[in-house]
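Colleague: Listed below, chain by chain, are the residues.
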Amino acid sequence: MKSSYNSHIKRIVLGLLIFAVVGFVAKMVLTPKSFGKYGPYRADAIDEEANQEIRHMTNASCLSCHPYEANIHLTGLHKTISCEFCHGPYADHVKAGKVYGKLPVKKKEEIKVLCLRCHNKAIQARPGEVIKTVIMPEHLEEQKVKVSHTCDQCHHVHAPLKYINRAKKIVGIKEKS
Amino acid sequence: MDALNFVFPNDLHVHWSMMIVLYPYLTGLVDGSFIVAALYYVFGVKSLKPISRFSLVFAFAFLSCAMFPLLMHLGRPERNHNMMITPSPTSAMSGAGFIFTVAIILIGLILLLVYRPTFVKLRLKSKGIMNILYRVLTMDSTNLSPESLELDRKIIKFLVAIGIPVATVLHGYVGFLFGGVKANPSWSTPLMPVIFLFSACVSGISALVLAYIVIKKLRNQPVDLGCVRTCINILAGFFILAFSFEMLEVFSHSYLRTWYHHAVEGLLNGPLFYSFWVWQVGICSVLPLLLLGWLCLFKMKASVFKFFAATVSIILLLQVLLMRWNVVIGGQLMSKSTRGYTQFHPEWFDKEGIITVIVLMSLPFIVLFMLSKIFPLWLEEEKASS
Amino acid sequence: MGEPEAKLDKERRAFIKKVLNGTIAGSLLLVIPMPMGAATPEVPEQIPGIRGKKWDMFDQRFAFIVDITRCIGCGSCCVADRREFNVPDGYYRTWVERYLKDFDDEVYVDSPHGGFDGYQSPRTDIEVEVRDTFFVPKLCNMCKEPPCVQVCPVGATFKTPDGFVLVDRERCVGCAYCIQACPYSARYLDPVTRTAEKCTWCYHRVRKGLLPACVTVCPTGARKFGDLNDKNSEVYKLLHEHEVLTVLKKDMGTYPALYYKGLRREVV
Chain A
198 MKSSYNSHIK RIVLGLLIFA VVGFVAKMVL TPKSFGKYGP YRADAIDEEA NQEIRHMTNA
258 SCLSCHPYEA NIHLTGLHKT ISCEFCHGPY ADHVKAGKVY GKLPVKKKEE IKVLCLRCHN
318 KAIQARPGEV IKTVIMPEHL EEQKVKVSHT CDQCHHVHAP LKYINRAKKI VGIKEKS
Chain B
1183 MDALNFVFPN DLHVHWSMMI VLYPYLTGLV DGSFIVAALY YVFGVKSLKP ISRFSLVFAF
1243 AFLSCAMFPL LMHLGRPERN HNMMITPSPT SAMSGAGFIF TVAIILIGLI LLLVYRPTFV
1303 KLRLKSKGIM NILYRVLTMD STNLSPESLE LDRKIIKFLV AIGIPVATVL HGYVGFLFGG
1363 VKANPSWSTP LMPVIFLFSA CVSGISALVL AYIVIKKLRN QPVDLGCVRT CINILAGFFI
1423 LAFSFEMLEV FSHSYLRTWY HHAVEGLLNG PLFYSFWVWQ VGICSVLPLL LLGWLCLFKM
1483 KASVFKFFAA TVSIILLLQV LLMRWNVVIG GQLMSKSTRG YTQFHPEWFD KEGIITVIVL
1543 MSLPFIVLFM LSKIFPLWLE EEKASS
Chain C
9 MGEPEAKLDK ERRAFIKKVL NGTIAGSLLL VIPMPMGAAT PEVPEQIPGI RGKKWDMFDQ
69 RFAFIVDITR CIGCGSCCVA DRREFNVPDG YYRTWVERYL KDFDDEVYVD SPHGGFDGYQ
129 SPRTDIEVEV RDTFFVPKLC NMCKEPPCVQ VCPVGATFKT PDGFVLVDRE RCVGCAYCIQ
189 ACPYSARYLD PVTRTAEKCT WCYHRVRKGL LPACVTVCPT GARKFGDLND KNSEVYKLLH
249 EHEVLTVLKK DMGTYPALYY KGLRREVV
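Order-wise, the sequence lines are chains A, B and C. Using this note's numbering, the letters of the first sequence map in sequence onto residues 198 to 374. Using this note's numbering, the letters of the second sequence map in sequence onto residues 1183 to 1568. Using this note's numbering, the letters of the third sequence map in sequence onto residues 9 to 276.
No lab work stands behind these hints: they were computed from the structure. Fair warning: there could be bad hints in the mix.
Using C-beta positions, here's what the derived DEER-type ranges look like [what the hints assert, rightly or not]:
{"no.": "1", "chain 1": "B", "residue 1": "I1397", "chain 2": "A", "residue 2": "L227", "range": "42 to 48 Å"}
{"no.": "2", "chain 1": "C", "residue 1": "E153", "chain 2": "A", "residue 2": "I332", "range": "44 to 50 Å"}
{"no.": "3", "chain 1": "B", "residue 1": "L1331", "chain 2": "A", "residue 2": "K230", "range": "49 to 55 Å"}
{"no.": "4", "chain 1": "B", "residue 1": "V1460", "chain 2": "C", "residue 2": "Y263", "range": "38 to 44 Å"}
{"no.": "5", "chain 1": "B", "residue 1": "I1537", "chain 2": "C", "residue 2": "P96", "range": "24 to 30 Å"}
List of simulated lysine-lysine pairs, DSS-like, C-alpha gap at most 25 Å [claimed, not checked]:
{"no.": "6", "chain 1": "A", "residue 1": "K359", "chain 2": "A", "residue 2": "K309"}
{"no.": "7", "chain 1": "B", "residue 1": "K1364", "chain 2": "A", "residue 2": "K207"}
{"no.": "8", "chain 1": "A", "residue 1": "K234", "chain 2": "C", "residue 2": "K62"}
{"no.": "9", "chain 1": "C", "residue 1": "K152", "chain 2": "B", "residue 2": "K1364"}
In this text the structure is predicted, and so the values were computed from the model without any measurement. Using N, Cα and C, we set each Cβ at its ideal position, and we do this for glycine too.
Please put together the full structure from these sequences, using the hints given.
Modeller: Structure representation (structure tokens):
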């Protein structure tokens, strides 16, 4: 090919132009459709986030199928505690069919661990108007029961004072204020 | 562990590790060597002629590898093109791809034009694949008329002149990436781009001096002492600026004594005490400053000068690496709780581990070696062979 | 257990079987993405006025208020959050910090496992006498000027017109710049998807009229979430009455939509 004094420059400029055009076309083609609808992002991502699986429901949704527990749970001091915290998420329970949501801890001593997550007085940051706290095993000694007792032997886990109030009623003790 | 030490649970992990140390280091080397080329082609510093072409090839070799650490660092490297397809207008980082593309095209074009007369000669002598390669690299033009060469000279000067702000942006912007993070008190300072820029020049010039002396020694060829002397003088100038700004940053804040100081003080005097004060400042800054002063101001035997020029270059290369380390990894050791420090343990076989660092650091040298087979690095060799 | 109770127990099982068989199909519908505004009969609306109408992207204002005087550090929120999003171990969308202060005003903070296991025992690694102690739950601040959105190079994290800062998992390149930029360290890089993740204030729940999972499970009402367009909501009242509310790291200029009631000066 015959070349003039500036033909290489012309070819370079042509090459750069082609590069720019290809780049521009690639940008147009590869930019997602909903990009820029609300701002410099993909607007469809909002709906994707909104349509994520809901794994936790509410106590109302659990108790609508479990009226017996509802009866106890909603009358006790533990009514603000989420079913799913102890029994696992609703979604898992429903998906697994008849398999029940499992307690994270159960049986014997472990129940203490679960209870003391909230009720341990040794963690001072627990204001009395928010929650009743106890020191273990002092609480057991004070109540004159064996120190090997687990919490749920006296306190119903869904309504902590259920048995205690009933016992008091039977024996006729009036609540000391 | 100290009972007072509290790190936010998500701050235990150092997210930007050695790859992000390496990236500014590589672009810094590009910047510094480009400055040398600019001094020759734009500002007419004639004594730099022996390394003028080498500095361009060197810059190109390192620039072509500069993006690999970033790709290794990304969680989803296969999506890296998103940076250029949907760049966010508010992000400092979204410019990365564009600035890099402009820089590599620019240095590539400068190289092609600088080497065109050489390539035309080589094309006539070569056969087969090399002949095709040289045909492509000369844009299939064999015109070497004085008119054509004069046009090339003007365009080269123009491109290198544009290259100076591009190189400044390429690296100053890396500094800005850190300087713009207000959440991290040890990063968020407007001085960050300046510090990065000057230390980049220091590392690049040091690398050139070292490579020049070592390659010439290996090939048993004479070293142009005037050229090295000029380099060392420029190096001294840039290093004084770099070191002054690094110290200005630390001392002005320790004098202002705002919360910024109280947050960073514990970091510099605690986990970073050895790597910052002892190594970066003491051994790798004060010592080379004294050596550079001696090299610039006193007369000595050529062999002594060459030896200490190479030594100073090695120390300064280490200084800049340490500075990157202390900024990037050091800055992340401090939790945003400002109540404690996490730890960083480099892994050997991690995706961003030591092996990767070694591979990525040797890559530019392999590229440089391959390029040297296409681009004759030294003018005198070319004269001897023709 | 007494005689009548055992009988009841039996009845209960039979009842559950019946109920489960009958409603399982209906319940499943709940977990399948529902069309916007669809009513879910089993689950009463927790945020009034969201269901049954089109979601107006430009007319929503929500606020999150954490009342640290009511937080007992049980970690229910952390458990619910981890389960709701299947968050991998060692990464935190939300966490609870424990602050201790001794008589020399020295502050000791810890958050083992982000408070996921609750705080079941006092700290054993300090021997000073504790004068004061409190818990501080942390989550995304949903800044009005989010630094994470500013720095994201690809527009993968963004602020929606309805005020939520979300992450687009399909575009995120995993550069972790947003993690560096967040002054609250509320973000992390998910080890599975290798993209940035963060608390969304349970956007998927809010859009369906449910409260965020952590708010739902909080037994003491320390976490409150609500609609500021609803003048009867608790958050509206708290924000417009004489309560002392503060935000975290005000000097960062991020203008969080997460407010703290009773926040102490030691907290960062």
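Colleague: State for each hint whether it applies.
Modeller: Status of the hints after comparison with the structure:
At about 43 Å, the beta-carbon gap between I1397/B and L227/A stays in the expected band of 42 to 48 Å. Distance hint check: the CB atoms of E153/C and I332/A are about 47 Å apart, consistent with the given range 44 to 50 Å. The beta-carbon spacing between L1331/B and K230/A, approximately 51 Å, falls within the hinted interval of 49 to 55 Å. Judged by the Cβ atoms, the range 38 to 44 Å given for V1460/B and Y263/C holds: they are separated by roughly 42 Å.
Under the hint 24 to 30 Å, the C-beta atoms of I1537/B and P96/C, about 26 Å apart, fit the expected range. Between K359/A and K309/A, the direct Cα distance comes to roughly 18 Å. Compliance with the 25 Å bound is thereby established for this hinted pair. A hinted pair counts as satisfied when its Cα atoms are at most 25 Å apart, and K1364/B with K207/A does not qualify at roughly 47 Å. Annotation: proposed proximity of K234/A to K62/C holds, straight-line Cα distance about 18 Å (limit 25 Å).
In summary, the hint linking K152/C to K1364/B is supported, as the alpha carbons are separated by about 16 Å, within the 25 Å threshold.
Violation of the numbered hints given earlier is confined to hint 7; every other hint is satisfied by the structure.
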